[in-house]
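**Q** Here's the letter readout for the chains.
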Amino acid sequence: MITRRDFVTTGLAVGGATLVGLQRASAQDAPPIVRPKSNESPPQGDSSFTGVVTPNGASLPHVMRDGVKEFHIVAEACVREFAPGMEVKCWGYNGQTPGPTIECNEGDHVRLFVTNHLPEHTTIHWHGIFLPSGMDGVGGLNQPHIRPGETYVYEFTLRQHGTFMYHPHADEMVQMAVGMMGLFIVHPKHPRKNQIQRDFAIMLHNWQVNPGTYRPDPSIMVEFNMWTFNSRVFPGTDHLVVRTVDRVRIRFGNLSMWNHPIHVHGHAWKIVATDGGEIQEAGQWPETTVLVPVGSTRDVEFIADAPGDWALHCHMSHHTMNAMGHAIPNTLGVDQRGVAEKIRSLLPGYMAMGESGMAEHQDHAMQMAGPKNTLPMMTGKGQFGNIEMGGMFTVLKVRDGITSYEDPGWYAFPAGSVARRVG
Amino acid sequence: MNPRLVLAVACLVSLAGCAPMTKDRGFGCVRNVVAARAGLDVHWNQGTPAEAQVAERIRRVLSRSLAADDVVQVALLNNRRMQASYARLGIAQADLVEAGLLENPVFHVRPRWPDSPPTATNIELGVEWDFLQALMIPARKQLAGTRYEGVRLGVTHEVLTFVGQVREAYYTLVAAEQLANVMRVVAEAAEASYELAERMSEAGNVPELDLQNQRALYEEAKLEYARARLESLDARERLNALMGLWGDQTAWSVPAQLPEMPAIEASIVHLESAAIANRLDLMEAGREVEALSAALGITRNWRFLLFARIGIDSERDTSGQWLTGPELQVELPLFNQRQADIARLEAELQASEDRLTALAIEIRSEVRALRTRLLLTRQVVERYQAVIVPTYQRIVQLSQEQYNFMLIGIFHVLEARKEEMRTYRDYVNQVRDYWITRARLERAIGARLTENAGSADINIPAATDSDQGPASQQIPLKPEGSDP
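Top to bottom, those sequences are chains A and B. First residue of the first sequence: 7, per the numbering used here; consecutive thereafter. First residue of the second sequence: 148, per the numbering used here; consecutive thereafter.
Calculated from the structure, these hints are not laboratory results. Fair warning: there could be bad hints in the mix.
Said to hold, decoys possible - Here are the simulated lysine to aspartate or glutamate pairs, DMTMM-like style, with alpha carbons at most 25 Å apart:
hint, chain 1, residue 1, chain 2, residue 2
1, A, K348, A, E366
2, B, K369, A, E347
3, A, K199, A, D252
4, A, K95, A, E82
5, A, K348, B, E338
6, A, K199, A, E76
7, A, K348, B, E345
8, A, K348, B, E366
9, A, K43, A, E361
10, A, K199, A, E178
11, A, K95, A, D223
12, B, K288, B, E493
13, A, K276, A, E112
14, A, K348, B, E342
15, A, K348, B, E349
16, A, K348, B, E478
17, A, K387, A, E366
18, A, K195, A, D369
19, A, K348, B, E367
20, A, K348, B, D171
21, A, K348, B, E493
22, A, K378, B, E562
23, A, K348, A, D369
24, A, K95, A, E126
25, A, K195, A, E284
26, A, K199, A, E287
27, A, K348, B, D357
28, A, K199, A, D311
29, A, K387, A, E93
30, B, K369, B, E493
31, A, K348, B, E566
32, A, K378, B, E566
33, B, K288, B, E478
Claimed, not checked - If you only want the chain A side, here are some residues facing chain B, beta carbon under 8 Å, derived:
hint, residue
34, A329
35, N336
36, K348
37, I349
38, G363
39, A371
40, M372
For glycine and all other residues, C-beta sits at the position ideal for the given N, C-alpha and C.
Here chain A stands alone, though its shape is the one from the complex (with noise of 0.2 Å):
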């Protein structure tokens, strides 16, 4: 077993390696820049591992040169779209937020490119992974800050698995806030005891994006509006597609500035690893929501045994829904009568709302004109209607017999096995 000590011995003898490597590469050796589009193919050829599926997201192709992997991150502004009916105006990596995820080996020697293209300086911390202390991308403590238009290259071996991270660590409240993050996932050298059909990896994240405007707000610090998925929002958020006893493992992310207790319906999990290494099995314990802390990590797993359509969402219930008012007078059980009218004649179009609950309020934001580029704080349509719901929000599909992970649409209840209206 490699006590702790020994690691890092071993890890500074590989840094001392990768110090010539680091003279050897130039800009002009950089792989070409990939912007993989959402929901592509893991990278083909490598079939080591399951291929992680980044929900809403891509994995980042790379270049093998003289036995190292090299990749090519280019830090840059982009659109996001967080839900059909607002973009937003982001930071990501490779065209996107997050950047595309990067998956390697176990023993993997990686040099990572990073060319920057924002109008200020940027560096990348390599969130959870063991490497040679000027490779960790502290700007100013671990190495010079990239210059917009300057590609710095990184490089060392991975001596460890898990699911990690990457994000900004030069200006990072407002690179971070503005979408700037990524998982950088590393897949064991030894085959796992149990083998995963489906690998999915999700990073949490919180804006605040003010209704009417595309641009987070930076200077946010508690108040925030927009909760996300990888960057989307229900009912932008892609199903998570599984086929019945497939064994899933789910890796969350967070960079946001909450904790998420991400909860699944159907099912229990266990957390088998933090960014931190592996839980021991006896360690783990079956728990239907798991609590991603953050700056942390957190690898779930479980047997999908139960067919059906099953939520699978933040449980802090205002993380479920897109922006909304918080300092809005409280109408509830408020009867209007009378006022709605006299209102009305100052204010063409008023609808008195809340007098009974909100849930009425996702059918008359179809009807009534919001701000721009704002989602309704609540939506979404199942076959039973509406979801109401938004942000953190989807849906694990798991279905008997399928050949395919396209999305199925929704569940098909056999007969007598949905709740019903007896009075």
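Guided by the hints, dock chain B onto chain A, whose structure is given.
**A** Frame of chain A, contents of chain B only:
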């Protein structure tokens, strides 16, 4: 009667001619000038059958929604103070007639009874007449004519000034009624907010503090509305008084909104010189200078001979014999040679010239100030129309959109609506100021502003020759270049 005496008297009477009082006292001139300058009709109520027509006309005008010209017209026909000032024409004309009248000859008879024979009564008969006054009649008539013209100009100026006042009162009223309606909407919005807060309070959703805050806002808005209503009632009463209306006649109405500004502003070049050429009070002051100058001339010319009488005198003495002969009395200017009168008139003339110049300078200044104010007010109104009012309307619309998506509460939206109406109130005030400034500028230049003309058109042709006095030549005209 002595035939020679009778002949002399008849002669003098025919020589003098006479200036009988005219029926309209020169009011026709006033009417013509007002028609030309203000485009409106004036009528002097002198108890003629025309009065019934005038009353019918007033009744007809009052039955429709009154425009500014309607109100001014009714006021001109019906305001009793204006009627009273027309009477000044009668007084001045009486002075003029008096100036043309010959002094009456003086007849005297003196019987005397001797106290010793012969005892026949001695009788002396005579006629005396101050012929010098007759010689001075042409000069005095001219002087009186100048003064009469002055009064006529003064009365006409008063009419035009009155027209301006009525216009101001009209725009003040229309604006006040419009503002009251605006403040009613504000009060309604505040009322809706308060009622909603009340409902929320009943439902247990808001603390009493919020409720009382809403109540305070509501009460404040109600007071604002009450003040606006009071102002509109005051403005209405002022117009009732100006139009001379009472009783059933006070049930008239005006449009709900001030008129739009004309799309094209009146030509405002050469307004100063137009004002100098048009202002009737300036002409009146010029007549005063003329009159004093004439009076001074007469006094100077006749300083040594102010008293001269001729007469004829017959006396029957006690013996029965008639003695007849002429009589002449002449003042000998040994001590008083009218030095004091001349000095007094010279000083008065000097003062009147200074007053004339001062008035001209004041008129120029007033015209410049009002012209600038008119242009700036127009700019402000246009800014309100193009940007400010639409901005507040847009704010309401956007607030409502935010409300629709549950991003803000309805109180915010109602507050935005109140702000929109308060901005609209400011806008109405500016439009009112525009019209009032325009009325004042018209009063200052003594004519209506026209949309398409420079000074040439502003210079309305005078109704009578008497209006083309030398006043504008007598005062120091500044070079035209000083008019922008």
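**Q** For every hint, state whether the structure bears it out.
**A** Here's how the hints hold up against the structure:
no. : hint            : verdict
1   : A:K348 x A:E366 : holds, 22 Å
2   : B:K369 x A:E347 : holds, 20 Å
3   : A:K199 x A:D252 : holds, 15 Å
4   : A:K95 x A:E82   : holds, 11 Å
5   : A:K348 x B:E338 : holds, 9 Å
6   : A:K199 x A:E76  : violated, 29 Å
7   : A:K348 x B:E345 : holds, 14 Å
8   : A:K348 x B:E366 : holds, 17 Å
9   : A:K43 x A:E361  : violated, 45 Å
10  : A:K199 x A:E178 : violated, 38 Å
11  : A:K95 x A:D223  : holds, 11 Å
12  : B:K288 x B:E493 : holds, 20 Å
13  : A:K276 x A:E112 : holds, 23 Å
14  : A:K348 x B:E342 : holds, 10 Å
15  : A:K348 x B:E349 : holds, 19 Å
16  : A:K348 x B:E478 : violated, 94 Å
17  : A:K387 x A:E366 : holds, 13 Å
18  : A:K195 x A:D369 : violated, 52 Å
19  : A:K348 x B:E367 : holds, 19 Å
20  : A:K348 x B:D171 : violated, 62 Å
21  : A:K348 x B:E493 : violated, 76 Å
22  : A:K378 x B:E562 : holds, 22 Å
23  : A:K348 x A:D369 : holds, 23 Å
24  : A:K95 x A:E126  : holds, 16 Å
25  : A:K195 x A:E284 : holds, 13 Å
26  : A:K199 x A:E287 : holds, 11 Å
27  : A:K348 x B:D357 : holds, 20 Å
28  : A:K199 x A:D311 : holds, 19 Å
29  : A:K387 x A:E93  : holds, 21 Å
30  : B:K369 x B:E493 : violated, 64 Å
31  : A:K348 x B:E566 : holds, 18 Å
32  : A:K378 x B:E566 : holds, 23 Å
33  : B:K288 x B:E478 : holds, 24 Å
34  : A329            : holds, 7 Å
35  : N336            : holds, 4 Å
36  : K348            : holds, 5 Å
37  : I349            : holds, 5 Å
38  : G363            : violated, 12 Å
39  : A371            : holds, 6 Å
40  : M372            : violated, 11 Å
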